[in-house]
Structures are given as C-alpha cells and as structure tokens.
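Chains as they are written, first to last, in our numbering: chain A, 1 to 146; chain B, 1 to 400.
Simulated from the structure, these hints should not be mistaken for laboratory data.
Beta carbons: idealized from backbone N, C-alpha and C, even for Gly.
Among the hints, a few may not be true.
Stated by the list, open to error - To give a feel for the contact side, a few chain B residues facing chain A, derived at Cβ under 10 angstroms:
id	residue
1	S300
2	Y301
3	S304
4	A339
5	K344
6	A351
7	G352
8	E357
9	M360
10	G393
11	D397
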Amino acid sequence: MSYFDEEQIHREIIMDHVKNPRNIKKSNDDYKSTYLKNPSCGDELTLYVLYDEENDIVKDITYKVSGCSICCSSVSMMSELLIGKNKNQIKAIIDNFNNMVTGSDYNQELLGDAISLKGIVIVPPRIKCATLGYKAFVEVMSDKCE
Amino acid sequence: MNKYRKDFPMLDKDYIYFNNASTSLTPTVVIDSMVDYYTNFGVNINRGVDSLGYKVTEKYELVRSKVAAFIGCAKGEVIFTRGTTDSLNLVAQSFGNLVINDCDEIVVSVVEHHANFIPWQELCNKVGASLVVVPVSDDGIVKPDDLLKVMNNKTRIVALNHVSNVMGGINNIRELAKIVHQFNAYFVVDGAQGIVQEKINVHDLDVDFYAFSGHKMYGPMGVGVLFGKQELLKKMPPIVFGGEMIDTVSIEKTTYKEAPYKFEAGTMMIPEVLGLGVAIDYINNIGIEKINNYVTELRSYLVSKLLEEINDIEIYNKNIVDSNLVTFNIKNIHAHDVASLLDKEKIIVRAGHHCAEPYMTALNVVATVRVSLAFYNTFEECDKLVEVLKKAGDYIDVLF
Numbered sequence: 001m002s003y004f005d006e007e008q009i010h011r012e013i014i015m016d017h018v019k020n021p022r023n024i025k026k027s028n029d030d031y032k033s034t035y036l037k038n039p040s041c042g043d044e045l046t047l048y049v050l051y052d053e054e055n056d057i058v059k060d061i062t063y064k065v066s067g068c069s070i071c072c073s074s075v076s077m078m079s080e081l082l083i084g085k086n087k088n089q090i091k092a093i094i095d096n097f098n099n100m101v102t103g104s105d106y107n108q109e110l111l112g113d114a115i116s117l118k119g120i121v122i123v124p125p126r127i128k129c130a131t132l133g134y135k136a137f138v139e140v141m142s143d144k145c146e
Numbered sequence: 001m002n003k004y005r006k007d008f009p010m011l012d013k014d015y016i017y018f019n020n021a022s023t024s025l026t027p028t029v030v031i032d033s034m035v036d037y038y039t040n041f042g043v044n045i046n047r048g049v050d051s052l053g054y055k056v057t058e059k060y061e062l063v064r065s066k067v068a069a070f071i072g073c074a075k076g077e078v079i080f081t082r083g084t085t086d087s088l089n090l091v092a093q094s095f096g097n098l099v100i101n102d103c104d105e106i107v108v109s110v111v112e113h114h115a116n117f118i119p120w121q122e123l124c125n126k127v128g129a130s131l132v133v134v135p136v137s138d139d140g141i142v143k144p145d146d147l148l149k150v151m152n153n154k155t156r157i158v159a160l161n162h163v164s165n166v167m168g169g170i171n172n173i174r175e176l177a178k179i180v181h182q183f184n185a186y187f188v189v190d191g192a193q194g195i196v197q198e199k200i201n202v203h204d205l206d207v208d209f210y211a212f213s214g215h216k217m218y219g220p221m222g223v224g225v226l227f228g229k230q231e232l233l234k235k236m237p238p239i240v241f242g243g244e245m246i247d248t249v250s251i252e253k254t255t256y257k258e259a260p261y262k263f264e265a266g267t268m269m270i271p272e273v274l275g276l277g278v279a280i281d282y283i284n285n286i287g288i289e290k291i292n293n294y295v296t297e298l299r300s301y302l303v304s305k306l307l308e309e310i311n312d313i314e315i316y317n318k319n320i321v322d323s324n325l326v327t328f329n330i331k332n333i334h335a336h337d338v339a340s341l342l343d344k345e346k347i348i349v350r351a352g353h354h355c356a357e358p359y360m361t362a363l364n365v366v367a368t369v370r371v372s373l374a375f376y377n378t379f380e381e382c383d384k385l386v387e388v389l390k391k392a393g394d395y396i397d398v399l400f
C-alpha cells in the first residue's frame, strides 16, 4: 500500500469516528465514571466504564465528549478497542498507543482503528488530545472516581 | 510599515505570527537593552552606595517616568508588577480588601479575561460581597446604558476591560468612568489589550486603576504596570513584604515606604523594566496612531477576504471596526483542528477559550480561533492565511 493510499484510509477512519462515534449510549449506576478536560483547549470527556471484576473483563464503555476531531475520534476508537478485554490486554493496548504517539516502538496489531492516529507523533502539542480518553480510562480503573 | 520588520529577529524565522494579542514579538533594541544590563551593570537597585547600583537605580526610575508620561500620570502613581494579572490581583487584594464589605457589590462584565474576573470573584467569596455581571453587546462591548442598569448605591468597584481580548472592541472608558463615579464607586481597568490600541491618558479618562503588561506592547515578559490614583495608593496596604519596601523595622513594628515603593518588595525584574522603557521609546518613535491606523486597515482587509472566500466561516466580531483581532470558527470544525492545520503551514494563531470561559459559555462555543495582528504583519501574510483555509478539507492534514 502506498503512503497516499494509507493516508486516505486513515483520513476516512478518523472522519468516520468523528461523524459516527461508536458506543454512544445510556449508562447506569453500574458504570464507573470520571470527568477529564484539557484546560487549555476545552476538550471535555466524561467516560463511563462497566467492568466485571469477577471475570476481569471490560463489559462496556460509553462517553460524552466534546472537543477536536482528534480527541473525539480517539475516544470512539478506544471504546471499540477496550470493550471485551481484560486488564492485561488493556494495559498492553494503552502502552502501545502511548508508545505510538510519543515515537517509541509499538505493535500495530493491537491498535485497531487507532493506528490511524499514528501521525500524532509529528504533532506533539496534540498528544494530549489523542490520549485524553486513555487517561480517563486509567483514572476510572484506578478506583479513584465513582 | 514593512520597513520595521527587520527590527524583529523572530520575523526571520519563516513563521507568520498572528498571536499578538497573547504576546507581541520583541524588537532587537529591547533585547539589547536587557543584554546591556546583564553585560554592563548586573547589580540590584536601591541598595548600598556603589556607583553601579546608583546608575541602575537611576535608569530604573527613568523608566517609571517614561511610563508616567506614556499614560499621563505622575511618576509616583506607577507601580512595577509582574504583569496585568499581578497588577489586578494587587488591586483586588489590597484596595479591594480595604473598601469591600459583605453587603457591597463588585461589577465585572461577562467578557472579562480570567485575570479581571477571578480576583474579584475570590474577593467576593472571601468577604461575602456580591459579584454582579454586566451584559455586553453582540460585539462584546459594555454599553454605558447597560452599566447604568446594574449600578446602585451598593456598587463599590467596577472592573472592566479597556479592550476585550476575545472580541477586540474598545470600551468607551471615559463614559463608563463617569457612570462609575456618579455612584461613588471605583473604576479598575484591565488595559492589557487597550494599551496598544489607543493613546491613553489615565487622568483624562478618570480611571482609578489601570493595569497592563510589557509583553503585549513589544516589551519583555514578566513586567507590567499598575497605575493607581495617588490618594488611593496612599491608603492601600502592601500585600507582599520583604526587602526594600520598608521604612523602619524593629522587633515590635515595621513601617513602610511611600507608594509606589511599598508595593515593590524584594528584588525586582530590573532588566525587564529597562526593556519596557525601550519598548515605550520604540512605540513612540513610530507613533501609536500610525500603528493602529495600519493594523485596522489590515484587519478590515482580512475580515472581508475571509468572508468572501471561506465558506462556513463565522466571524464573531466582524462588525467591529477599530480592532486588531478576528475571532472566528469554521462550521463543524473544532478551533484546535483549524489552529493545528495553520500551524502546519507555519501560521501561528491562538485557539481555545482565550482565558475567557464565561464569555465562551455566553457565545455558546467551547473555543474559537483568534488571529491578532500587529503593525509588522503584512497583507501578503493575510492572503496566505486565507489561502490555507481555502484549501482545507477535513482539517486533519496535520496528521499526514
């Protein structure tokens, strides 16, 4: 695949997640949630995670987000990636995503649609947009927030 | 005005700099004056009897006189601070604490920068006073009639911007001051943007306090000014204590110097103050009116070109004529996506809430793009901005 084909596909993936965000639904009291924002730009995210502790599986993720295309698409992609995974699998995904956006080695097989955001590595000021969802997820799972 | 571009080393760097309302660029003469201080003086002011210290003290005090002449006040009414934020906090914490009681009201507008909003909100919370928010026109301007409607005999302080950093419209400070004083209240003006927009005379305008920063007027960062009327400064207690602001100190009691010195505790930002003096000379040499005539013309060119050529643009301050900034959004595109794309083309703008979240909420947007011009910007640079926006598709080019 040429660079231009890949670019076109990645553009389409990102814009598809912007226009058709995945996993938007109602949450209930079984979900744990947290609210995070990027104060300088106003990206805002409330992330809801339904985690089955007994079976160690993330059963569901939903969210309310407002922000730039990178922030919004990244949260949508993340929700697809993490639902159905256990803590170890998720840790590997998040580590790989963080490595991708900061320019370290990563395994693209683990990242699904989120691979389309690999260009973030050349725009460091936008790393915080792409990682807001993942930060929120880590915060929810650290049991800090209800 | 293109001949002045060579004065600014940052303009060699192949960037188009459109974020002047945040920080203006610094001319070589200002940079040189700070290098001169560290190279040839390097000592503190007001201390000891050495001749170097004496010379620096003279230079530092000469800047105070320059500032006084620049804004039309007495030398003793000029306090050097860290910037507009520091100046406004000083008024709120010292003067505000002195005059505000629990049943009083403080008036601010919804378009204030956080620096002229939070200090008053905090003061109100602390003493139990009420914060009253005066509405603004669609152009972000405080109309005298609207101010009149919120004033009453409980109003003690009115704190407004001279020029909004989001909308760029000029408030009629003289008219507003008349209303404030009619109710025996005090008028605090945030001049961070206004100081480069209009030639001012604080006594003519009859404001009680006027705050501004060096780094928005081609001067250094980390230095600013608070003007306060002499009789008010005299009553105000210092809020920072330490070296050089004292008269006598004993174990039982300390007395303080007169204003403005009682407000300048510890080692001051001497090179930055000296740089500010040079920035004032630099502005005076070109002429503030000439600067603003050019910038206004440039800005109206940019606004008409944007409206003509960019589909789906919403310019929030298009009806304002005397301004140096354009605040806009592209429909369905987040301001940061726009700014990031421009950044890729080496065009620096500001995107975000501009430290004015209450006004962003009032506009019902989370963020806007702001292009703010200075006299060293060119018509060609404006063309380039329009060209880049015109070519933009999904605004995520930055990733590829």
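Structure-based check of each hint:
Look at B:S300: its Cβ only gets to about 29 angstroms from chain A, farther than 10 angstroms, so that hint breaks. Hint on B:Y301 is violated. Least Cβ distance to chain A is approximately 29 angstroms, over the 10 angstroms limit. Because the beta carbon of B:S304 sits about 28 angstroms from the nearest beta carbon in chain A, more than 10 angstroms, this interface hint is broken. At a threshold of 10 angstroms, the smallest CB-CB gap from B:A339 to chain A is about 9 angstroms, leaving the interface hint in force.
Evaluation of the B:K344 hint against chain A yields a held restraint, the C-beta minimum of about 8 angstroms falling below 10 angstroms. The criterion of a C-beta within 10 angstroms of any C-beta in chain A is met by B:A351, whose closest approach is roughly 7 angstroms, and the hint holds. This hint holds: B:G352 has a C-beta 5 angstroms from the nearest C-beta of chain A, less than the 10 angstroms allowed. Evaluation of the B:E357 hint against chain A yields a held restraint, the C-beta minimum of about 8 angstroms falling below 10 angstroms.
Interface hint at B:M360: satisfied, since its Cβ lies 7 angstroms from the closest Cβ of chain A, which is below the 10 angstroms cut-off. A hinted interface residue such as B:G393 counts as satisfied when its beta carbon comes closer than 10 angstroms to some beta carbon of chain A; here the least separation is about 9 angstroms, so the hint holds. Against a cut-off of 10 angstroms between C-beta atoms, the interface hint on B:D397 holds, since the closest Cβ of chain A lies about 9 angstroms away.
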